[in-house]
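> For chain A, the structure is supplied; the task is to place chain B on it using the hints.
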Amino acid sequence: MRMTLRVAAALLLMPLAAQASTIEMKVFGMVCGYCAQGIEKSLRTHDATADVVVSLENKLVAVTTREGQDITDDELRKMITKAGYDLKSISRTKRTMSEIRGEVLEAANQ
Amino acid sequence: MNSHRIFCVVGLAALFTLTPAFGRPILYGNSTTFMAEYRDGVMKEAQLSYAPSSRWSVGVGHLELNDTGPRHEHEVNFGRLNLLLKRWNLESAQANVFVWGGAGRSSITIAPSPTPEPSEHDHGAPPVPGVAQTFEETAWNSGGQIDFETRRTYFAASSDAHYSSTFLHRTDTLQFGFSPYKHEAGTLATWLVVSASHYAGDIDENTQVALLLRFFRKHVWMELGATTEGKPQGRIMLTF
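Chains as they are written, first to last, in our numbering: chain A, 1 to 110; chain B, 1001 to 1240.
Here chain A stands alone, though its shape is the one from the complex:
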């Protein structure tokens, strides 16, 4: 009975995990376009990286991965640190890059 419940729970959670393909990171120290370029270049060296968005206003770095691939928190921390910045938090969300880009554009126009 306990095993059945575990399998059922795993099956229920699987779709959520599959949808959570956007990684959002709070990064400190980003003050200019060159900061964004450096971080984006560092993240794109990872084979699993599909897309990157950087928002100076929101101190946000968002990454999507290629289908079926992932980037671990340790790898993300190393890439951000190597680029010269401080990674403060990592969250995996369901937001699309289009939504995030829209938010960044809105912040830039304010």
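If you are wondering where the hints come from, they were derived from the structure by calculation, not from laboratory data. None of these values were measured; they are calculated from a predicted model. Quick reminder that beta carbons are idealized off the backbone N, C-alpha and C, glycines included. One or more hints might be untrue.
[As the list claims (entries may be wrong)] Here are the simulated BS3-like pairs of lysine-lysine, each with C-alpha atoms no more than 27 angstroms apart in a straight line: (1) A:K41 x B:K1182; (2) A:K59 x A:K88; (3) A:K78 x A:K26; (4) A:K88 x B:K1218.
[What the hints assert, rightly or not] Some but not every residue of chain B turned toward chain A, in silico, with C-beta under 10 angstroms: (5) N1089; (6) F1216; (7) K1218.
Quick look at chain B alone, frame taken from chain A:
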């Protein structure tokens, strides 16, 4: 004394050549940067540098001077290493400590005079009518910088020393920059920069102030302005 004056001019030129781009000697890791600069009545130069990481970069450059006397052609070819010693990343700001050092070869050529005349610079040998004279020497450079930057303000203080067996030149620079708006990644950034430099060493001590308008977007960076004496300056930088 005259030879000191010549080499000090070369040292000053080397200083211009080695002025950190964007107020910083390192932009970001795994980047290549080409920079060209023109200063009216003073110099024109080009640099190519590569930063393997965000912590250090190496570069080479070529400089030509045009303000060091009639019939004089001055050139400096150099190499340089820049190090980021320490960075503080704050929520909406960044501060850095950089140091740098390098070596170069300065070359001074004096075109032949149409008529015999005494040399205006003592290079150790009298000028021969109809024959150009060339003088070469190894020159060294070392310095450091601290800076603090937000998306609206920028401050930097730096000290730079250039020296050889025959000259010593030092400059201390303060820069303050202001941006009228907060630019976002990928959008146009605009800065107004006030730069004050104090020159000391084997040349007459003096201070120069320049007002500069700086723009950059993505891979292109440019700066236009003039000194308080009205001499135009311009610089363009491409990073990829």
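> For a quick check of understanding: which of the numbered hints are violated here, in increasing order?
none
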